[in-house]
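Below are the chains, spelled out letter by letter.
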Amino acid sequence: MSESQAAAVILPLEGRITAYSVAPVWRNALETLSRNPDRPILVDASRLEYIDDTGIALIFDLKRQQRSPGAEVEIRDLAPNLAALIPPYDAKPYARAYEKPLAIGIIEHVGRAANQQLIYVGTMLEFLRNCAAALALALTRRGVVRWSETLSVATEAGANAVPIVLLIGFLMGVIIAFEIGLVAQQFGAVIFVVNGVGVAMLRELGPLMTAIVFAGRTGAAFAAQIGTQKVNEEVNAILTFGLDPVHFLVLPRLLASMVVVPLLAVLADLIGIFGGALVMASFDVGFLQFYNQLLGAVDAGDFLLGIIKASVFGLTIAAIGCQRGLATGAGATSVGLSATSAVVTSIVWIVVIDGIFTVLTS
Amino acid sequence: MAQSATATKAMTAAGTDGKPAISVRGLKMGYGKRVLLENASFDVQRGEILVILGGSGCGKSSLMKNIIGLYRPLAGDVLIDGESIVRSGPEEKARLQRKMGVMYQSGALFGSLNVLENVRFPLDEFTDMGTAQKNLTARMLLHLVEMGHAEGLMPGELSGGMLKRAGIARAMALGADLLMLDEPSAGLDPITAANLDRTILSLRDNLGFTFVVVTHELQSIFNIADRGVMLDPVSRSVIAEGKPADLRDHSRDPRVRQFFNRLPDEARQTTGN
Chain A
18 MSESQAAAVI LPLEGRITAY SVAPVWRNAL ETLSRNPDRP ILVDASRLEY IDDTGIALIF
78 DLKRQQRSPG AEVEIRDLAP NLAALIPPYD AKPYARAYEK PLAIGIIEHV GRAANQQLIY
138 VGTMLEFLRN CAAALALALT RRGVVRWSET LSVATEAGAN AVPIVLLIGF LMGVIIAFEI
198 GLVAQQFGAV IFVVNGVGVA MLRELGPLMT AIVFAGRTGA AFAAQIGTQK VNEEVNAILT
258 FGLDPVHFLV LPRLLASMVV VPLLAVLADL IGIFGGALVM ASFDVGFLQF YNQLLGAVDA
318 GDFLLGIIKA SVFGLTIAAI GCQRGLATGA GATSVGLSAT SAVVTSIVWI VVIDGIFTVL
378 TS
Chain B
793 MAQSATATKA MTAAGTDGKP AISVRGLKMG YGKRVLLENA SFDVQRGEIL VILGGSGCGK
853 SSLMKNIIGL YRPLAGDVLI DGESIVRSGP EEKARLQRKM GVMYQSGALF GSLNVLENVR
913 FPLDEFTDMG TAQKNLTARM LLHLVEMGHA EGLMPGELSG GMLKRAGIAR AMALGADLLM
973 LDEPSAGLDP ITAANLDRTI LSLRDNLGFT FVVVTHELQS IFNIADRGVM LDPVSRSVIA
1033 EGKPADLRDH SRDPRVRQFF NRLPDEARQT TGN
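These protein sequence lines are chains A and B, in that order.
Be aware that the first sequence starts at 18, since it is given in the working numbering, and climbs by one per residue.
Be aware that the second sequence starts at 793, since it is given in the working numbering, and climbs by one per residue.
To be clear, the hints were calculated from the coordinates, so they are not data collected in a lab.
Backbone N, C-alpha and C define an ideal beta-carbon position, used for all residues, glycine too.
Treat the hints with care, as some may be off.
As the list claims (entries may be wrong) - A few chain A residues that face chain B, going by a derived Cβ cut-off under 8 Å, partial list only:
| id | residue |
| --- | --- |
| 1 | Asp70 |
| 2 | Val138 |
| 3 | Gly139 |
| 4 | Gly205 |
As the list claims (entries may be wrong) - Here are the simulated SDA-like cross-link-like pairs (lysine to any residue), alpha carbons at most 20 Å apart as the crow flies:
| id | chain 1 | residue 1 | chain 2 | residue 2 |
| --- | --- | --- | --- | --- |
| 5 | B | Lys857 | B | Phe834 |
| 6 | B | Lys857 | B | Pro1046 |
| 7 | B | Lys820 | B | Lys891 |
| 8 | B | Lys820 | B | Arg890 |
| 9 | A | Lys80 | A | His126 |
| 10 | B | Lys1035 | A | Lys80 |
| 11 | B | Lys891 | A | Lys80 |
| 12 | A | Lys80 | B | Thr923 |
| 13 | B | Lys825 | B | Leu871 |
| 14 | A | Lys80 | B | Gly922 |
| 15 | B | Lys885 | B | Ser898 |
| 16 | A | Lys80 | B | Phe834 |
| 17 | B | Lys811 | B | Gly849 |
| 18 | B | Lys885 | A | Tyr37 |
| 19 | B | Lys891 | B | Ser848 |
| 20 | B | Lys825 | B | Ser1027 |
| 21 | A | Lys80 | A | Ile124 |
| 22 | B | Lys820 | B | Glu840 |
| 23 | B | Lys891 | B | Gly881 |
| 24 | B | Lys891 | A | Leu47 |
| 25 | B | Lys811 | B | Ser854 |
| 26 | B | Lys857 | B | Arg890 |
| 27 | B | Lys891 | A | Ala40 |
| 28 | B | Lys885 | B | Gly874 |
To be verified - Okay, the calculated beta carbon distance ranges per label pair:
| id | chain 1 | residue 1 | chain 2 | residue 2 | range |
| --- | --- | --- | --- | --- | --- |
| 29 | A | Glu125 | B | Tyr863 | 18 to 26 Å |
| 30 | B | Asp1041 | A | Ser165 | 50 to 58 Å |
| 31 | A | Glu125 | B | Gly944 | 36 to 44 Å |
| 32 | B | Ala924 | A | Glu125 | 25 to 33 Å |
| 33 | A | Glu125 | B | Phe834 | 29 to 37 Å |
| 34 | A | Asp316 | B | Ser898 | 40 to 48 Å |
| 35 | B | Arg990 | A | Ser165 | 31 to 39 Å |
| 36 | B | Asn987 | A | Gln82 | 26 to 34 Å |
| 37 | A | Gly32 | B | Glu1033 | 51 to 59 Å |
| 38 | B | Val1026 | A | Ala349 | 46 to 54 Å |
| 39 | B | Asn987 | A | Ala176 | 28 to 36 Å |
| 40 | B | Ala986 | A | His126 | 31 to 39 Å |
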């Protein structure tokens, strides 16, 4: 930078100005302008070799600066091809600062959140009403259920989930037996650990752990599948064919889940008890002794309670996953949010329903 | 055009010693055993607008993805400014890819960012520019593609045409002088499409940008293309290369004439003999 006649400040722009090199040039130019508020600025572009869009923005930024009369910015010797890119721009759209969304106060935030929850409850109730009607129709009229789709969902959600359910169930049985066994050993009541393992697995842990695995694996998948279909307008296509998305998309998933989760829970029960039996062997309780003690500790009611619970859990998880999928907004982000929300909501409701069952059956 | 050609020469961006911006050499591409294209060879010169043509499903977009290094060809090579993007290591490939601005068919905007933030994203990641400067640059790019009014909208709120235009603005943000556009005019209204054609020509004429455009919009092809490369899904090869008007009027291949004259199959059988 140097001074010329008429007290103008010359600001040379030289060489190649690209996105990677523009930052210091731009900073220097703005500093020069602010240091010389009352002097004209001559931007000498005669030795400019190349600029990209950021360089064009730089020249435009210098030209649009509000300066006092007689202290304007003049661009000199700018190649005609570059100058041709600058005139179309109107300064007005660029004069304002980037408007970030207004921050809202805590009271408004709480109000909005409460309003959203009320809307959600209303939507969910409407959805559940539609699901109940669809289930009732499926039970009373033939041809309503798409059985091939139901079987496909059941295979994916059920058969393919067997390994993970077996692993979780086995480990739960082992852990429960070991933890209770260590305490019971101190009181000489090791044999009663069998009762604990039997009751815990059949009434609580079998269905509960199966449901949690199912929520993470299948509930999220339901939300993501239907959410993607919503984003791709497949749901709109179903509607315009005169079909009901609840019948078409939700009903097969509800039915499949109601059947599959109890079956998985049975597997979890058996493998959990087997894991418990293995641990009890290390506490000198043999398999036969374990079996006899177990028969005396649990009855068919415990088993049936677990199965009924698992069926309700399956229905809940499928309903929540499908509802979240159908409520998906636009874009890939919404699909992710729906899937996450489906898992979290499902797990919360599983625990709440489990608590209700415990109170009602104890 | 003569003036712009002079300017372009003076402003040639990458200083590549007269090498083509892109050289495709004996390229064979496909998915697994399904071969889409075999033994394709062509160059894209600096400051040229090359259009990749062909019917739906002939592999135009796949060819573009092979050129930008997203897919690995089954055989052959792609040179960017004389350097192989096929045989380059991860860092070299990333450096070559940053030379190219790419607009994908769907726009491929990031769903969690609004339009302005999407266009600003490359500047945020790769430059030291101040926030005000980045916003100004992004806004000017959005203005260029007539999206200035939509800067605060999220991608989910945009139409297909708006997504594409925002995608073009983002592709240009880092000043890449080699722009790859996948069906930029599809889904745009005629006025916006014509304005986009004008923008492409202006960037080529005034800044010497090189464009590879995948399209089958005939109007746009005749407006902007210096040269076209036409792919054929049946022979899985490049069946024509040249100026679009020449291909339309003088090609001996009936498939080429049918394409450029927008004729149904029965008409091709008639005109092909």
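Structure-based check of each hint:
The restraint placing Asp70 of chain A at the interface with chain B holds, with a minimum CB-CB distance near 5 Å, inside the 8 Å limit. Taking 8 Å as the C-beta contact cut-off toward chain B, the hint placing Val138 of chain A at the interface is violated, the least distance being around 25 Å. Because the closest C-beta pair between Gly139 of chain A and chain B is about 23 Å apart, greater than 8 Å, the hint is violated. Hint on Gly205 of chain A is violated. Least Cβ distance to chain B is approximately 60 Å, over the 8 Å limit.
For the given pair, Lys857 of chain B sits about 16 Å from Phe834 of chain B by alpha-carbon distance, which is consistent with the 20 Å threshold. As the CA atoms of Lys857 of chain B and Pro1046 of chain B are separated by approximately 28 Å, the hinted pair breaks the 20 Å bound. Distance check on the hinted pair: Lys820 of chain B and Lys891 of chain B sit about 23 Å apart at the alpha-carbon level, beyond 20 Å; violated. Distance hint between Lys820 of chain B and Arg890 of chain B is unfulfilled; the C-alpha atoms sit about 24 Å from each other, more than 20 Å.
Proximity of Lys80 of chain A to His126 of chain A is assessed by CA-CA distance (about 43 Å); at most 20 Å being required, the pair is judged violated. As the CA atoms of Lys1035 of chain B and Lys80 of chain A are separated by approximately 40 Å, the hinted pair breaks the 20 Å bound. For the proposed pair Lys891 of chain B and Lys80 of chain A, the alpha carbon gap of about 29 Å is over 20 Å, so the pair is violated. Taken as a hint, the Lys80 of chain A and Thr923 of chain B pair is honoured in the structure, with Cα atoms around 19 Å apart against an allowance of 20 Å.
Between the alpha carbons of Lys825 of chain B and Leu871 of chain B the distance comes to roughly 25 Å, so the proposed pair goes past 20 Å and is violated. Our distance criterion of 20 Å between C-alpha atoms is met by Lys80 of chain A and Gly922 of chain B, whose separation comes to about 18 Å. About 24 Å separates the Cα atoms of Lys885 of chain B and Ser898 of chain B, which puts this hinted pair outside 20 Å; it is violated. Our distance criterion of 20 Å between C-alpha atoms is broken by Lys80 of chain A and Phe834 of chain B, whose separation comes to about 43 Å.
Our distance criterion of 20 Å between C-alpha atoms is broken by Lys811 of chain B and Gly849 of chain B, whose separation comes to about 31 Å. Distance hint between Lys885 of chain B and Tyr37 of chain A is fulfilled; the C-alpha atoms sit about 18 Å from each other, no more than 20 Å. Straight-line distance between C-alpha atoms of Lys891 of chain B and Ser848 of chain B comes to about 28 Å, which puts the hinted pair past the 20 Å bound. For the hint pairing Lys825 of chain B with Ser1027 of chain B, the CA-to-CA distance comes to about 16 Å; that is within 20 Å, so the pair holds.
The hinted pair formed by Lys80 of chain A and Ile124 of chain A fails the criterion: a straight-line CA distance of about 45 Å is larger than 20 Å. The straight-line distance between the Cα atoms of Lys820 of chain B and Glu840 of chain B is roughly 24 Å, outside the 20 Å bound, and the hint therefore fails. For the proposed pair Lys891 of chain B and Gly881 of chain B, the alpha carbon gap of about 16 Å is at most 20 Å, so the pair holds. Taken as a hint, the Lys891 of chain B and Leu47 of chain A pair is broken in the structure, with Cα atoms around 29 Å apart against an allowance of 20 Å.
Straight-line distance between C-alpha atoms of Lys811 of chain B and Ser854 of chain B comes to about 24 Å, which puts the hinted pair past the 20 Å bound. Proposed proximity of Lys857 of chain B and Arg890 of chain B is supported: the alpha carbons are some 14 Å apart, at most 20 Å. The straight-line distance between the Cα atoms of Lys891 of chain B and Ala40 of chain A is roughly 19 Å, inside the 20 Å bound, and the hint therefore holds. Simply put, Lys885 of chain B and Gly874 of chain B have alpha-carbon atoms about 13 Å apart, close enough for the 20 Å limit, and the pair holds.
The hinted range of 18 to 26 Å is not satisfied by Glu125 of chain A and Tyr863 of chain B, whose Cβ atoms lie roughly 49 Å apart. Separated by about 55 Å at the C-beta atoms, Asp1041 of chain B and Ser165 of chain A satisfy the suggested range of 50 to 58 Å. Between Glu125 of chain A and Gly944 of chain B the beta carbon distance is about 20 Å. The supplied range of 36 to 44 Å is therefore violated. Our hint of 25 to 33 Å for Ala924 of chain B and Glu125 of chain A holds, since their Cβ atoms are close to 29 Å apart.
Between Glu125 of chain A and Phe834 of chain B the Cβ separation comes to about 60 Å, which falls outside the hinted range of 29 to 37 Å. At roughly 59 Å, the beta carbons of Asp316 of chain A and Ser898 of chain B sit outside the given window of 40 to 48 Å. Against the hinted window of 31 to 39 Å, the Cβ-Cβ separation of Arg990 of chain B and Ser165 of chain A comes to about 53 Å, which falls outside the hint. Taking 26 to 34 Å as the suggested C-beta distance range, the pair Asn987 of chain B and Gln82 of chain A conforms, at roughly 29 Å.
Between Gly32 of chain A and Glu1033 of chain B the Cβ separation comes to about 37 Å, which falls outside the hinted range of 51 to 59 Å. Separation of Val1026 of chain B from Ala349 of chain A is about 36 Å and departs from the stated range, judged on CB atoms against 46 to 54 Å. In this structure the supplied range 28 to 36 Å is violated for Asn987 of chain B paired with Ala176 of chain A, their Cβ-Cβ distance being about 55 Å. Look at Ala986 of chain B against His126 of chain A: about 46 Å separates their beta carbons, and that is not inside 31 to 39 Å.
In terms of the numbered hints stated before, the structure departs from hints 2, 3, 4, 6, 7, 8, 9, 10, 11, 13, 15, 16, 17, 19, 21, 22, 24, 25, 29, 31, 33, 34, 35, 37, 38, 39, 40, listed from lowest to highest.
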